[in-house]
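Number of protein chains: 6
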Amino acid sequence: MTGAAQDKTEEVREMKKLSKLLITGASGRLGSVCRGRLGHLADNLRLSDCKDLGDAREGEEIVYCGLEDKDAVMELVQGCDGIVHLGGQATEAPWETIRAANIDGIVNLYEAARKSSVTPRIVFASSNHAIGFHEQTERLDANSRTRPDGFYGVSKVFGEAVASMYHDKFGIETASIRIGSCFPEPANHRMLSTWLSYDDLIRLIVRVFAVPRLGCPIIYGASANAASWWDNRETAYLGWQPQDTSEVFRAKLDATMQPPSANDPNAVYQGGTFCSDGIHES
Amino acid sequence: MTGAAQDKTEEVREMKKLSKLLITGASGRLGSVCRGRLGHLADNLRLSDCKDLGDAREGEEIVYCGLEDKDAVMELVQGCDGIVHLGGQATEAPWETIRAANIDGIVNLYEAARKSSVTPRIVFASSNHAIGFHEQTERLDANSRTRPDGFYGVSKVFGEAVASMYHDKFGIETASIRIGSCFPEPANHRMLSTWLSYDDLIRLIVRVFAVPRLGCPIIYGASANAASWWDNRETAYLGWQPQDTSEVFRAKLDATMQPPSANDPNAVYQGGTFCSDGIHES
Amino acid sequence: MTGAAQDKTEEVREMKKLSKLLITGASGRLGSVCRGRLGHLADNLRLSDCKDLGDAREGEEIVYCGLEDKDAVMELVQGCDGIVHLGGQATEAPWETIRAANIDGIVNLYEAARKSSVTPRIVFASSNHAIGFHEQTERLDANSRTRPDGFYGVSKVFGEAVASMYHDKFGIETASIRIGSCFPEPANHRMLSTWLSYDDLIRLIVRVFAVPRLGCPIIYGASANAASWWDNRETAYLGWQPQDTSEVFRAKLDATMQPPSANDPNAVYQGGTFCSDGIHES
Amino acid sequence: MTGAAQDKTEEVREMKKLSKLLITGASGRLGSVCRGRLGHLADNLRLSDCKDLGDAREGEEIVYCGLEDKDAVMELVQGCDGIVHLGGQATEAPWETIRAANIDGIVNLYEAARKSSVTPRIVFASSNHAIGFHEQTERLDANSRTRPDGFYGVSKVFGEAVASMYHDKFGIETASIRIGSCFPEPANHRMLSTWLSYDDLIRLIVRVFAVPRLGCPIIYGASANAASWWDNRETAYLGWQPQDTSEVFRAKLDATMQPPSANDPNAVYQGGTFCSDGIHES
Amino acid sequence: MTGAAQDKTEEVREMKKLSKLLITGASGRLGSVCRGRLGHLADNLRLSDCKDLGDAREGEEIVYCGLEDKDAVMELVQGCDGIVHLGGQATEAPWETIRAANIDGIVNLYEAARKSSVTPRIVFASSNHAIGFHEQTERLDANSRTRPDGFYGVSKVFGEAVASMYHDKFGIETASIRIGSCFPEPANHRMLSTWLSYDDLIRLIVRVFAVPRLGCPIIYGASANAASWWDNRETAYLGWQPQDTSEVFRAKLDATMQPPSANDPNAVYQGGTFCSDGIHES
Amino acid sequence: MTGAAQDKTEEVREMKKLSKLLITGASGRLGSVCRGRLGHLADNLRLSDCKDLGDAREGEEIVYCGLEDKDAVMELVQGCDGIVHLGGQATEAPWETIRAANIDGIVNLYEAARKSSVTPRIVFASSNHAIGFHEQTERLDANSRTRPDGFYGVSKVFGEAVASMYHDKFGIETASIRIGSCFPEPANHRMLSTWLSYDDLIRLIVRVFAVPRLGCPIIYGASANAASWWDNRETAYLGWQPQDTSEVFRAKLDATMQPPSANDPNAVYQGGTFCSDGIHES
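Chains as they are written, first to last, in numbering that gives the first Met the number 0: chain A, 0 to 281; chain B, 0 to 281; chain C, 0 to 281; chain D, 0 to 281; chain E, 0 to 281; chain F, 0 to 281.
Don't take each hint at face value.
If chains are identical, the list can't say which one is meant, so a pair holds when it fits in one copy or spans any two.
Unchecked claim - Listed below are the simulated PhoX-like cross-link pairs for lysine-lysine, each with C-alpha atoms no more than 20 Å apart in a straight line:
#, residue 1, residue 2
1, Lys168, Lys114
2, Lys15, Lys251
3, Lys251, Lys16
4, Lys16, Lys168
5, Lys19, Lys168
6, Lys114, Lys19
7, Lys69, Lys251
8, Lys251, Lys168
9, Lys15, Lys114
10, Lys114, Lys69
11, Lys114, Lys251
12, Lys69, Lys50
13, Lys69, Lys15
14, Lys50, Lys15
15, Lys16, Lys69
16, Lys251, Lys19
If you're looking for bench data, these hints aren't it; they were derived computationally from the structure.
Computed from a prediction, not measured in an experiment: that's the story for all the values here.
Model the full assembly from the supplied sequences, consistent with the hints where possible.
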């Protein structure tokens, strides 16, 4: 069989490329990174947001769309075989805001995926705030129980549950990435543990679309940081190996600010100050 | 110390009684059972529903209220030190129905609990449909991951996440009971494993309000059935020991209907036919 | 739905009965017990052995057949929708004996099951000697690793592996029962932990054929003995609850014989003296 | 083999009886119970304490001895093939008191056991205070980590470590019983979970001396109480099945005293008020 | 002690070398690799196969021998203190072929090892097909249960069971290596996860013979591939750290062939197409 | 928030430095290493031992003090906000020696810490001999049960228990490091698995004092050796990543001495010859 497989090398083929990759929330920080660096994954990028997306470049298609608009989302998703779902509310907010963007928005997205002519593979930008109330001295893996630290975190638990249901019921595959802190560099000592470099994020998304069978994994989105709370061994099958480490920023951080004291929420909880914040009133 | 404690027996005191126990969904099947049998837990029962609740009996107070009405729920919860939350949508339904009753409804309830002058202890009627896609040959406990089998199941995962967050953030204690099939008797062979007798439900609720410290447990709501998928050992501290068993109905069931075939969803999945049902269109 | 189900009671049906149940090794001790007490499970019993089976009673069919005879086994299994496989070598023996009866015999049985016009559900009489080298101070469940204590034990690991493969590949369901010591009463102190009453064995087999979906479970075949090494919680879904206990024989045993000393294989290993025995030379 | 074993019944023998059973701390509450009810286990009881032990009854031998006296303990243990070690300091105390009785005392006891002409089997009265800082909402088993709640608890962790070392190094077998609350009846609501009846204690000790191979188990000493934190499944091989339950005292307790509030150490920690107590100054 | 150990450095000794290392299946692909690269482990290599082995080189001894020939195997093994057992049937085949080579063959080998004048340490070439029916989204370690994907896989479970029994009963140490895909390079996308380089295989065998105490470990034989299903942490004591990775071949593979689709057995099961193949008829 | 944090960079601050770091056992081998290399962690080093400490260098303070002297230890600890506790008996010894240095000594240290005007963070030099009776084929992590191999090992279990109690009760944070073999290089083959380089020890201590919240972790003190028994994943949050490996010494060791035979305690037990040694008589 090995021999036979090797005989086929004369007929050179390209790795499977997506036809149309939708990026929601494309005007945001991570959206812009993905827009700039995921073009090679698909014949076309469809970019969506309700904020300004500038001009469409070659191979791009721009659709303005609010996620809470069911019919618009139906049209948005139609024909996409890949989705990187970064859209929605990206931090704590009053309930009404969270519900529109992250509750209704997610349901609209998956209903559209179910009814689309092609079944997309989905990257869902979940968050460490789905497990934020675990203490920093605890080690988590994909089987750890959720402990959301606010409405935002609750909405991410909701999104992961929707993804699980559409996978079990309709075979739609989703990678839920519990993103730590995806910035150019860590902005405080807690982020030395949660930091995810843009490069590692991009590498992860590339793997999600390259692996023949995705399933419905939960992945902690952090670089190969020295001080770590999260163990991705349950998803080693994806072949994602983060290459960056926050350690290169430690000296600079130490020179810039005091580390939090031992009882500061930024030292106690994985979700940091989200855990000590109250409810955002609408 | 033992001696000292025993010396106090001359001064006879009553076990701690609730002041006002709210039962939501009080006109429903389980609501009626609770209305009839939980009166001894509290000085007053406050009964709520949007359907007819008949006349208030002695010690009862009746409030008509839709759970999606934030202000009405705020008033409903005010002053209650116990809540048995049976209200909301109790089976699969179109998304809009689920969202109003089980998503907004839950947020309204917990926000009201947070703002109330007394902090209530809450029983949340969760459901086996939060874990419905696990196969019947699997054994689950409180740490098993959720696998909801529809919008209804997803809304129960959401409710448990809200309860977890309000416990971690504000100390509100909730018992989430993943109710199996709470009927006078099992209606099919799958229910031989999921059946929860009314008596065992009442015993469980009594324990939830009796235990000095509740925490935020997840409990599988099934009687002591012979064929069982669920293991409540993580919550043995509650002291709930179900007394009934579905086995007494097996012969009658066998005489009444064929057991499902091996590939029937009622034989494959813990959630039964919810798993094979499609999405309820609105 | 409950109501609807109950309305069907006028049309009384019988529980699903097997058409033809094959019992191999039917002349042996357990075979005789099953012959006498499993008749109600099937329209017909097909009894097989290479030793004398006496006269066929009503509803019985007798087939003399060596398990190492591939063609004969093919014919034997044909048309049976249930098999209780007690045949083969039932204790340690030289390799050639074990191989013919328990290695070739098992392969012949499953190949026949695969090729039969109906797919049978199978009870496989595995043995505690598949895990015999675990110490008596260890607690095992269905996930514990195998530690066979001789060729006999190795052949049982083999049989369980064959059952697993035919389940994964062809959907044939098998209950592998790791039988402890199935006798009228325990014959020594070790058997106080391993004893399985005939009644509990029969109850287990009845459950195996009654459960709508069997899967491919591994079950420890022991009664509800006080001193126990084995935990069947992974297979609680079967609804088997042993009713007997070896404790009723303890006083008699104590009066009859000394318990083993602490370093006696009967006190050290779950497999008892099988662990200290050498290889049986052929 | 079964047949052979049964043929031996004409030669009736007695169950193995100890020659000399030492009970330390024999003048204390549990010591008195054991003195009165363990006589049948041995030809002779050797009773030891530094407080008054009254007159020796038939089959009894009385030795006054402080556990911190190495030579006296050597003599005390000499010739005993069983020890129930209840001696030492039985509640929190200043360090010097704990050290003499529970640190030096334990070392003296095991050194004497090692040097004795017969190797005794030992029951070590450990305590729930070895794990007292676990919360009451946690379920523990024999593998849970220790969390002592004071010097007394630390001394029990020490004793269990000594027992483990002498077992691994010299083969001396010890049953460490983490006694909950061994009183005639529970004296407060926490004890509804920790209560161990005298009868269940005696049954456990009898099993420890009856089992052919003991090993070095850790057993939670609590009756079959409804509300339970402790899971003894790892030591099911001992065959100890507690028969009593604290539930029969609940109504009386409820009538006698208020349950603790949710933040009372008696409601939060398994060790109760030991956890909130400070260090006992010497 | 450290000082004393260091004082001995004047007396330079060689690391312990095997006297005679038997390689079975020495004419095969892996056999040839081992023949060429393991010579330094032993004073002599004894090479065995039933196919042509060419001329014996210096330090080599050639023995033609079928594994199913009990007496010949007895002679073959005699005097060897190391065995690398690569012989037998190396892929799926009809039952009769598997049985002769991999069932009888293994029993003959271990019986010969038991009766030999020196007790050999053994490397057993087990296979990923012993666990082939696990899905590729699952992470396995040495404690995962076996799920063989055909007669070949079943024979490997059998071999591991025989190794376990001879270790427990007679102290013969075996390293069972569940070889993934040991080729010069991966031949398809599944092999990006299962690939084992020749260099890493040799490193592993060297460690097996170097470690002072081997025990009876199960090791997954895969290089340090990026996308991995197998976790060797239970056998970190061996000190084997694979150095190669299949990642260097990914681009070439992607250029050569399409990855399998999501429902292709090569994307679903760890055993790949072995899982979808039927039984090989004899 | 990120932006805000970055704006603070104009105000450059130093990383939090200790005021006074106490090193006990400062004249010993590890004490000397720490004395020479931890000066940068604190404004002042207070060095303590009962053996000669030479002259105080700049920034050093020398205090002669026996750990068994309660009042002296009280004074010694006063005012220190960091302690590296290397003092006490560092290998097996008669009980009286162990008790004075490692039992009383530890209690004195923690009582002094509790009563000090500042609460110190503590590094406790525990030992692999706390778990020495585990076999070398077992993998341990922070949750594995203790199996001490002598009085020395028992005293380390005691010290860890004291640390746990003072953390739970008074919030004093301790890092218990189960040091393997901390020498310039491994002195025998067992130490290839247990070796901890001086550099890695220093890196670990630096991390213990740098991490904002320490908790009360148990860390295995071994370098990144190829052959390893210990898994520090539970304490990955500390950010300690050992950089050295014993592998660089293997060839030299192999040339110097024979590896132990398979039944040598140095090959069987993690604690090596401590396990086969008897009790040290006083």
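Here is what the structure says about each hint:
{"no.": "1", "hint": "Lys168 / Lys114", "result": "within (13 Å within a copy, 33 Å between copies)"}
{"no.": "2", "hint": "Lys15 / Lys251", "result": "between (42 Å within a copy, 14 Å between copies)"}
{"no.": "3", "hint": "Lys251 / Lys16", "result": "between (41 Å within a copy, 16 Å between copies)"}
{"no.": "4", "hint": "Lys16 / Lys168", "result": "neither (26 Å within a copy, 33 Å between copies)"}
{"no.": "5", "hint": "Lys19 / Lys168", "result": "neither (24 Å within a copy, 37 Å between copies)"}
{"no.": "6", "hint": "Lys114 / Lys19", "result": "within (16 Å within a copy, 47 Å between copies)"}
{"no.": "7", "hint": "Lys69 / Lys251", "result": "neither (46 Å within a copy, 43 Å between copies)"}
{"no.": "8", "hint": "Lys251 / Lys168", "result": "neither (49 Å within a copy, 33 Å between copies)"}
{"no.": "9", "hint": "Lys15 / Lys114", "result": "neither (23 Å within a copy, 40 Å between copies)"}
{"no.": "10", "hint": "Lys114 / Lys69", "result": "within (12 Å within a copy, 33 Å between copies)"}
{"no.": "11", "hint": "Lys114 / Lys251", "result": "neither (50 Å within a copy, 37 Å between copies)"}
{"no.": "12", "hint": "Lys69 / Lys50", "result": "within (18 Å within a copy, 30 Å between copies)"}
{"no.": "13", "hint": "Lys69 / Lys15", "result": "neither (31 Å within a copy, 48 Å between copies)"}
{"no.": "14", "hint": "Lys50 / Lys15", "result": "neither (32 Å within a copy, 43 Å between copies)"}
{"no.": "15", "hint": "Lys16 / Lys69", "result": "neither (28 Å within a copy, 48 Å between copies)"}
{"no.": "16", "hint": "Lys251 / Lys19", "result": "neither (41 Å within a copy, 25 Å between copies)"}
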